[in-house]
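**Student:** In case you want the letters, here they are:
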Amino acid sequence: MLSDDDIIRSIAAHSPEGIEALYDRYGGLAHTVALRILSDRGAAEDVVQESFLAVWRRGSTFQPGRGSLRAWICTIVRNRAIDRLRGDRHRTRLDTPIEGESIEPAVSDPWAAVALELSGEEVRKALAELPPEQRQTIELAYYGGYSQSEIATAMEVPLGTVKGRVRIALDKLRTSLADRLETPWQTQ
Amino acid sequence: MADPMSHDEVADLLALEAVGALEPSERDAMERHLRTCATCRHTAAEYADLASLLPSALDLEPPPARLRRNLMAQVFAEATASPPVSWWRRLIDAIPASRAFTAVGAAAVIAAIAFGIWGATGRMGARTPVTYTVSGTTATGTLDVSSSGSPAVLTVTGLQPLAGTSTYEVWLIPPQGSPKGVAFLSRAPNGSAWTAVIPGSLAGYKSVAATVEPAGGSPTPSNIEVLSGQLSDS
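As they're listed, the protein sequences go chains A and B. Numbering-wise (my numbering), the first sequence opens with residue 1 and increments by one. Numbering-wise (my numbering), the second sequence opens with residue 1 and increments by one.
Think of the hints as simulated: they come from the structure by calculation, not from any bench. Fair warning: this is a prediction, and the values are worked out from it, not measured in the lab. Any given hint could be a false lead.
Calculated pairs, EDC-like style, for lysine to aspartate or glutamate (alpha carbon to alpha carbon, straight line, at most 20 Å) [unchecked claim]:
id, chain 1, residue 1, chain 2, residue 2
1, A, LYS125, A, ASP83
2, A, LYS172, B, GLU78
3, A, LYS172, B, GLU31
4, A, LYS172, A, GLU122
5, A, LYS125, A, ASP179
6, A, LYS172, B, ASP8
7, A, LYS125, B, ASP8
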């Protein structure tokens, strides 16, 4: 089985087999994300197909130092789904860092391996442990496409509160999920 | 100029960015900081990976098999596109919609060029490409099988745009048994032509057809057939 690094190299070499392997590994996740956001099977399929074709056509822009392959494809699919949800195709998105930037070599990325170890049930439990307002905040953002200011308006809280809730929620998830791992995990 | 942002301030923005809530007005400052800060790039990767775990809490919704089939047909077609197909597509796309080119006229031009190219190819001893004619009430076109082993390409003009809830699905029809949905026709940007890439061999099928189906396709073809053609060399 190809590793994520093998898939990245294959995509960078513009090999169809790289896209095939990427889809076989993350196509289900991508479809799940798109369907959760759009609640429309036809639209979700369109978004998934467009996303993987986009990766095929500009895959060499992937930069490991900014997250795992899983995170990258999730971001691409999510952004496209949110844009479709909002009907805003002109919105500027940064699926990847800007091409041509000077990027240092990839840093250690322990969560890429963590994703493979964790079950859905463990992630559900970790999310359930979050205070409702924190969970709602990250769900409004991730699945609803709400920006910080839109969430602040919707939840009738200051902007700074939204910012704090998101970061605290992610930090708690990191701690909670790390506790559930059999393999010890280090931040840096 | 010194970066005015602290790691802590940037971490706030990175968390927002990871879940897609960062305001565009704050992105530039965050990106500037990331260019020179390996610590915050690591934090960015961590938050991005954490956010990508959120969908793990959902029940997995596997995509239908046709999605993989269509994706890979497109990828392989782009990877192995042969010059004749590219020329035809460019020609079709270059036909201004406002001019008095009819669908039949455009198809005739394409067919003439195609036969010329294929004649030359045949004389060079390569495996002879095959073209099949397809037609319907308003549509006409060709199904082109290249000499290089690339997927067959169906090119059609004369089809009307559909609402977003419908699509043109392409079927291969065997002598016996059920039609097989193999692709969807897509309209070329800025052009009047519709194309579909058909993966795999056409051997064992007697005809090709296209029907109007709900977006995403159907397990079996509807009765709304817009074109068809026989798959025989004669």
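**Student:** Next step is simple, just say for each hint if it's right about the structure.
**Tutor:** Quick rundown of the hints versus the structure:
Annotation: proposed proximity of A:LYS125 to A:ASP83 is violated, straight-line Cα distance about 30 Å (limit 20 Å). The hinted pair formed by A:LYS172 and B:GLU78 fails the criterion: a straight-line CA distance of about 44 Å is larger than 20 Å. Taking the CA atoms of A:LYS172 and B:GLU31, the gap is about 25 Å. The hint is violated against a cut of 20 Å. Annotation: proposed proximity of A:LYS172 to A:GLU122 holds, straight-line Cα distance about 14 Å (limit 20 Å).
A C-alpha spacing of about 12 Å is found between A:LYS125 and A:ASP179, which places the hinted pair at or below 20 Å, so the restraint holds. For the hint linking A:LYS172 to B:ASP8, the alpha-carbon distance of about 16 Å falls within 20 Å, and the restraint holds. The hinted pair formed by A:LYS125 and B:ASP8 fails the criterion: a straight-line CA distance of about 28 Å is larger than 20 Å.
Checked against the numbered hints listed earlier, the structure breaks hints 1, 2, 3 and 7; every other hint is satisfied.
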